Amino acid sequence: MPGPSLDTLSVLFVWTAVAIYTLAFVAYAVDLARRSDLAVKAKDAVGARVLVTVGGSTSDVAPDALDVAPADRPRYLWARIGTALTVLAFLFHLGATALRGIEAGRVPWSNNYEFALTGTLLIVAVYLGVLFRYDLRFLGSFITGMTAVFLGGAALNYYVVVTPLADPLKSVWLVIHVFVASLATAFFALAFALSVLQLMQARRERLAGEASRRTGPRFLRTLPDADALESLAYRFAIIGFIFWTFTLIAGAIWANDAWGRYWGFDTKEVWTFVVWVLYAGYIHARATRGWRGSRSAWLSIVGFSAVIFNFTIVNQFFKGLHAYSGLS
Amino acid sequence: MSNSRSDVADGPLRPADHADAPDRGIAQPKLGVVGWLRWGWRQLTSMRTALVLLLLLAIAAVPGSLVPQRGADPNGVSQYLTDHPDLFPVLDAMQLFDVYASAWFSAIYILLFTSLIGCVIPRTKHHWAALKARPPRTPARLSRLDDHHRVVVDVPADLGAASAAAAAVDAAAEQLRAAGYRVERYDRAGSASVSAERGYLRETGNLVFHSALVGVLLAVGIGGGFTYTGQTVIQEGDGFVNSLALGYTSFTPGRFVDTEGLTPYSVTLDRFEVTYTPLGEAGQGQAGDFGAHVMTRLPGEEPQEEVIRVNHPLTMAGDRIYLMGNGYAPTVTVRDPDGEVVFRETIEFLPQDSNMTSQGVIKVADGLADQLGLVGFFYPTAATLHSGAITSGYPALLNPLMTLWVYAGDLGIDDGTARNVYALDPTGMTQLAGGDSDTPSLELAPGETVDLPAGMGTITFEDATAAGAAEPVARYVSLSVHRDVSAPWVLGFAVLALTGLLAALFVPRRRMWVKATVGDDGLTIEYAGLARGEDPAIAPAVAALARDHGAALARLGATARTPDPEVD
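If you're matching them up, the sequences are chains A and B in order.
First residue of the first sequence? That's 0 in numbering that gives the first Met the number 0, and the numbers climb one at a time after it.
First residue of the second sequence? That's 0 in numbering that gives the first Met the number 0, and the numbers climb one at a time after it.
Keep in mind that the hints were calculated from the coordinates and are not lab data.
Note that the structure is predicted; figures quoted are calculated from it, not measured.
Treat the hints with care, since some could be wrong.
[Unchecked claim] For lysine to aspartate or glutamate, the following DMTMM-like pairs were computed, each having C-alpha atoms within a straight-line distance of at most 20 Å:
no.: 1; chain 1: A; residue 1: K169; chain 2: B; residue 2: E344
no.: 2; chain 1: B; residue 1: K362; chain 2: B; residue 2: D288
no.: 3; chain 1: B; residue 1: K362; chain 2: B; residue 2: E344
no.: 4; chain 1: B; residue 1: K362; chain 2: B; residue 2: D413
no.: 5; chain 1: A; residue 1: K169; chain 2: A; residue 2: D256
no.: 6; chain 1: B; residue 1: K362; chain 2: B; residue 2: D335
no.: 7; chain 1: A; residue 1: K318; chain 2: B; residue 2: E442
no.: 8; chain 1: B; residue 1: K362; chain 2: B; residue 2: D450
no.: 9; chain 1: A; residue 1: K267; chain 2: A; residue 2: E102
no.: 10; chain 1: B; residue 1: K362; chain 2: B; residue 2: D424
no.: 11; chain 1: A; residue 1: K318; chain 2: B; residue 2: D97
no.: 12; chain 1: A; residue 1: K267; chain 2: B; residue 2: D413
no.: 13; chain 1: B; residue 1: K362; chain 2: B; residue 2: D414
no.: 14; chain 1: A; residue 1: K318; chain 2: B; residue 2: D352
no.: 15; chain 1: A; residue 1: K267; chain 2: A; residue 2: D256
no.: 16; chain 1: A; residue 1: K169; chain 2: B; residue 2: D413
no.: 17; chain 1: B; residue 1: K131; chain 2: B; residue 2: D97
no.: 18; chain 1: B; residue 1: K362; chain 2: B; residue 2: E442
[Stated by the list, open to error] Rough simulated footprint, nothing fancy, chain A against chain B, three-plus residues with beta-carbon under 8 Å:
no.: 19; region: 141 to 148
no.: 20; region: 278 to 286
no.: 21; region: 311 to 324
no.: 22; region: 474 to 485
[Unchecked claim] Just so you have them, the derived chain B footprint on chain A, three or more residues with Cβ under 8 Å:
no.: 23; region: 155 to 167
no.: 24; region: 233 to 240
no.: 25; region: 277 to 283
Quick reminder that beta carbons are idealized off the backbone N, C-alpha and C, glycines included.
With the rest of the complex left out, here is chain B (with noise of 0.2 Å):
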C-alpha cells in the first residue's frame, strides 16, 4: 500500500485481526519503547482484544445477578449480612455487592471503550477520505474475483468495437448509477471500463454505532452529577416541600447538584385510591389503580390538582414523581392515668405481605412513669388461623384491628443517637405486654380504648371517620422524586446506536466492475462484484447486473452469442 488513494481504495480500515483486513504477515523490526507503546496500542484496539474484554463484561456483569446489590436491592445486602455473617466481609472486600461501580468491572468497560474509541478514531479518518475519494482502478483480472460473469457479444457493423465498448459501458455506468453506486470510467486502449463501489453507509452506521455508546457512556457519567433522587412520605392531608431540610427522609444529590438551589415546590396528599380485586375472584386483594391524588404548588403560581399513578410520573420544575408504594397509617393517642394526652400521632406501618399486614413502632418518650416503645402490627382484614395468630384476609379495612406489644424502659433516643423511626431496639427495656410477657396483647379496633399494662394509662386507636375522613384509618405514599438530566441524552445516543447498528448490519458495501474488451470476434463483457463486508446477496446482484444490462446491450443491437451468460 505505497500511495494513499490506493489504500483509501481498499476500503475500510480495519484492526489488524479484523477477518476482511490485509494478512500482512509478521516482520516486526525490534521495538524500542515507542515501538513496545504502538504495540501495547495496537493489541488494545485489535478484535481479539476488544472481543475478549466483550466476553469479560459479559461475565464480570453475571455476579451482580446472584448477589444482592447496594444499589438496587439494599436491603438484600443486609439480610446478606444477617445471614451469612462470615462469608459477607469477604464478598464485600471483591466489591461483589457493588459490582457494577466495583474496580475490576469498571476496569473492563474502561478498557472496553478505550479500545473501541482507539479504534473508530482511525477508522474515521480513513472513512472521511475514503468518501470523497473515488472508487479504484479495475482490476486487471476480473475473472480472479469469485463473483463473475462473462458473456461475448457480436456489435453491428457499423458501429466501431471500440465505440461499441465505450457505449456498452457507457451504459452500465448509467445503470450502476440509478442504483446507488458511485462510478468511476477506466478506460484503456482496447478496453473499457468502470468502477462502482456503494454502501459506504455500512462503515458510517459502524462509526455511529460505536460513537453512540460512548455518547451513552459520557451521557450517564456525566449526567450522574447532575442527578438527584429524595424520598418521602407523606400521609393523607399532609404534604412535603422541594426542600432538603424540609421534605425528604433520604436525598441522594450528584456531585454537581446544587442542593441549596432546589424549586421549593409543594406537593400536599388529598386522598389516596385503590382498588382490590374482590374476594371470590381470580387474584383476589391483588391490589391495582393506584393513585395519589394531589395537590401542586409552584412558587407563585395557583395550586393545581394532579394524580400520580404508576408509569405516570408527575412532573415538577423538571423533576419528576413517582408513586412508590403505599400503607396505612393509624392514628394513635395515649393518655396518662389522669386522662391528659401525652401523645398523639399519625404513625406510617410499613405493609408486610399483600394483605397489608403492616407494622410499625410508637415510641412515647415524655410524659408518663417510663418511656414506652410499642410494637403494633395492623391488620385491616382480621382474621384468627387455626393456630390462634391474627392474620389479614384482604388487604382492605373490612374489619380493621391494631395489636400492640408493649415495652417500657429506655428508648435509647436522649443520647442524641439516631434511631429509626420504623424499628424498636427493646435492650433496656422491659416487656409489659404481648410476646414472652405474662400480659396478651392489647388488641384495638378504631375507635377504641385500652388500658396501658401496669396502669400507665390508656392508649386510643382513633377512628378517622370521626374527624371526617372516609376510612377509619388514614393512607400514606411513599414518594421518590427523582431529577435525571442525562436520560433524554442517553435515550438519543441510544436510538442513534441502533440506527447506526441497522445500517452497520444491513446496508451491503460492494464494488462492482463492468468492462469491455475488444477482441478479434466480437466484445466480450465481463462482470464482476466483490463484498466488502458480510453481503448475502452479492452473487445475485451481479447476475441482475448482468441481466439488466444485457437488455442495455439489446437496445445497443449487440447480440450476445452465448444465449445464456456463462456462470463461473
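Pulled out of the complex, with its shape left as it was, chain A reads as follows (with noise of 0.2 Å):
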C-alpha cells in the first residue's frame, strides 16, 4: 500500500487526542482549584455568613446553577480554555474512529481497541451535548482525565491491526447492539461522576452543619448541592438504564440469531445482567426512604464500576462466547 495507511493516520489522531484531553484535563483541574479560591475570597469577604444555600443569592459564592443557558454562565477562563481543547481533542477522536471505520471497511466497534475508540469518543460525545442543557463544566477534569487514560490505555494494550470481520459479527445487531451498550455507558460515566461529587458534596454540607473546620475540597462550595447533583446523576442513569435494557434485548435477538439460544448465561451475558440489576437497584433505592442519597449513590458507584470490568476484564481475560476483543 502505498503511504501511510488510514489505520497509521488513526493511530497519531487517537495520540493527538489523547495529548490534548491531558492539556483540557490540566486546564479543568486548574479552574477548579481556582474556583476553590474565589470560594476562600468570596468567604472571607462575606465574613461570618458563609453557609449558603441555593437560591441564596447575597454572596458571591452561591452555588452555580446546573440549569442555565450557556450565555449566562459564569465565564470562568480556565473552564473555558477546558472546554475549548476537549471540542479539539474531541475532532481529532472522530477523525481517529472515522479513519479506522474507513480502513476496515465496517463500522468501528469490532474489538476491544474499536470499543475503547468509540466507548470513549461517545462519552465526550454525550458530556458535550450536554453541556448545552446543564453547566457540567466541573465534570471536564473527571471525562477527560478518564478519556484520556482510556484511549491512551486502549492504544497501548489493546490495539490490533484491521481484520476482516469474524462471521458472527457480521450482524446488523452489531451496529446497533454496540452502539447502544457504549451509549449507556457514556451516560452511566455521566452519572457516575455526579454520584461521586454528590457524595462529596454530601460529606461537605455534613460537615458545614457541623460547623467543622475541614469540610473537603473548597472547589465544592461552588458546586450545586447534593441534591441537584442527585437528581442530575438519577437522570443521567436512567437513560443509561433505558439503553441498557435496550442492549439486552438487542443482544438476544442477535445471540439467538448467532448463537441457537437468546440466552445461555454466557459470562459476558452474565455480567450486562448483574449491570442491569444493579442499576434497577439503583433506580429503586432512589425511591426507597432511607435510601435515597448517599446510600443510592454508592449503587450508582457500584454499578459503573461493573460497566467498567465488564468491559475490560471481562472482555479480556473471561472465557465465552463473546470473545471479539481481538486479543490473544
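Since each chain comes alone in its own frame, lean on the hints to assemble the complex.
This is the structure:
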C-alpha cells in the first residue's frame, strides 16, 4: 500500500487526541483550583455568613446553577479553555475513529481497541452535548482525565491491526447492539461522576452543618448542592438504563440468530445482567425511604464499576462466546 | 385516610417504605398469627426487601461467570474437575457449576418475583380506581406547596369579582385540559379553583414493566418445557433426518416435548464452503463466510436448496437449524495382509486450533489379527517446526498430511460399554507406532498407502478427488437444531417491559391547581404544582402555566398589579 495507511493516520490522531485531552484535563483542574480560591476569597469577604444555600444570591460563592443557558454561565476562563481543548481533542478523536472505520470498511467497534475508541468518543460526545443544557464543566477534569487514560491505555494495550470481521459479527446487530451499549456506558459515566461529587458534597454539607473547620475540597462550594447533583445523576442513569435494557434485548435477538439461543448465561451476558440489576437496584433505592441520597449514590458507583469491569476484565480474561476482543 | 375517595386521590399506592408514601409512624398493635402473616407479607413486598433481593440477585449471578457452567461450558466443567480434583466436589455440592439452576439462585429470584407480584397486584387495583377517579380537592393553602406562584390582578369594573374569578379559572381549566390534564372544578364562596392531574401513564408504565417481567419469567419457564435442542454432525454427501432415533448425536427435549412426533424432514449437506484470509494479509488464515449448502426436504414436498450461514439459521417446520462448527473428515481404508478391505470410513476429525490442526480416532474392531486403535492428527497445511514437530500453518488444504499413532489390543467396545467415538482409551492396548514406541508414527498424504506395523496390513488415506470431489479431503459440519416456542413470547414481553419502563421513567406525574380568590382590592390568583414521583420539570411547568394564564387573563381585560408573578 503506498504511503501511510489510514489506520496509521488514525493512530496518530488517537495520540494527538490523548495529548489534547490531557491538556484539557489540566485546564479543567486549574479551573477547579481557581474556583477554590474564589470560594475562599468570597468567604473572607462575606465574613461569618458562610453557609450558603441554593437560591441564596447574596454571596458571591452561591453555588452555580446547573440549568443555565450557555451564554449566562459564569465565565470561568480556565473552564472555557478546558472546554475548547476538549472540543479540539474530540475532533481528532472523531477523525481517528472515522479513519479506522474507513480503513476497516465497517463500523469501528468490532474489537476491544475499537470499543474503547468509540466508547470514549461517545462519552465525550454526550458530555459536550449535555453542556448545551447543563453547566457540567466541573465534570470536565473527570471526563477528559478518564478519556485520556482509557484512550491511551487502549492504544497501548488493546491495539490490533484491522482484520476481517469474524462471521458472527457480520450482522446489523453489531451496529445497533454495540453502539447502544457504548451510549449507555457514556450516560452511566456521567451519572457515576455526579454520584461521586454528590457524595463529596453531602459530606461537605454534613461537616458544614456541624460547623466543622475542615469540609473537604474547597471547589465543592461552587458546585450545586448534593440534592441537585443527585437529581441530575439519576436523570443520566435512567437514560443509561433504558439504553442498557435495549442492549440486553438487542443482544438476545442477535444471540438467538448467531448462537441458537437468546440467553445462555455466557460470561458477558451474566455481567450485562448484573449491571442491569445493579442499576435497577439504584432506581429502586432512589424511591426507597432511607436509601435516597448517599446510599443510592454508592449503587450508581458500584454499577459503573461493574460496567468498566465488564468491558475490560470480562472481555479480556473471561472465557465465553463474546470472544471478540481481538486480543490473544 | 378515612374515605376511599381521598385515598385514591392520594396518588399511586406505594409500599409503606416508598420515598413518596406517607410516613405512617409505628403504632403496631399486638399481633396474632394472621397479624404476623400480614406483617411478613408486608415485609416481603416492601421496597427495602425488593432492593435487597435485587442486590442479592446481582451478587449471586457473579459466581457463574467465574466458574464454568454445565449449561454454557460443559467442557470447561470437565477441565475444572481435572485441574482441581479436590475443590471440585466442594463447589459442586454448592451447585456452583449450575449457578442459574441452583436452589439458592432460584430462591432469590422466586422471592424477588413474589415480592414484585405482591406489590404489583394491589397497586394495579389502586391504579384502576385512580384512573376512574377525579382529581382531588384543591388544598386550602396552596402557598404551602414548593412550587407556588401568586399574582394579584385588577379586574374590569363591569365584570363582577365573582364572575371574573370564575372566568379566570375557566380559562385555566381549558388551558390545563389542552395540555393533557384531567381537570375538576372546586368552587366555593369567594373563590373558584381548578384541580388538575396528568401523567397516569407513569404508573401504568410502571405496572406494565413489572408485569412484563413476570411475563418474561413465565414464558421462559413454561416455554422451556416445549423446547428442544439437538446436535448432529453431517459429512459432505450425507444427510440427517429429524428423528430422535435416526438423526441426532445428542438431543435435549423439554418436559412436554413429544419426541415421537417430530416432523421427519431431512437435510443433506451438498458442500461446505468457507474462505480464509490469504497468507500475508492481516488476520491470515482467519475463516469466514461459512456456508453449508444443503438440500432440504419436508415429507411430501419437493426438495429445496438452502444455505445455512452464521447469523442466518435455516427454518424447517418450526425448527431453526444453526451452523455451529465444521472440520475435515478424511476417508481411511484399512486392508489386511491379503489386501482385503476390512475397514473403510470417513471420520470426523475435531479441529484443535484456528489452522485446523485436527484430531480423530479410528477404531478397527474386526478383520485384523488384533483390534486396532489409531489416534490421528490431520494437518491441512503441514509444516515442520524447528523442534521437528508437525503443525498446520494454514487452515486450507495446501499440503494435507495425516499422522497416526497405532495401538493394538482390546478397544473395550465388545462388552457393550458406551465409548466416545472421538476418544481412544489405550488401557490394555500396546502402542505399535508413534509416541513412546520405537516405531515412528505413520505419515500419509491423500492418495498414499503405508504398511501398518507388525505386518498387520496397510492403511490408505483416500484422495476424495479420485471419486470426483472438489477437494482431496471431505468436510463436515456440526448443526444444532432448536425448537423454542417461548422466544417470540419472551421478546414480546421484553419489548413491553421496555415500553413500560420508558413511560414509568419519563412521563411526569403531576398535579396543578389554579385558584382565584376574590379579595377587597382585586383578584388573587394562585398557581401551584405538586410532583408525584421524580419530576425535574415541575417548577418550569408551573411557571409556564402562570405565564400562559397571564396572557389569557389579559384577554379577559384583567391586568396584573405586579409586573412579574412573584416567585416564592
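Checklist line | Which numbered hints fail | finding: 1, 2, 7, 9, 12, 16, 17 and 19
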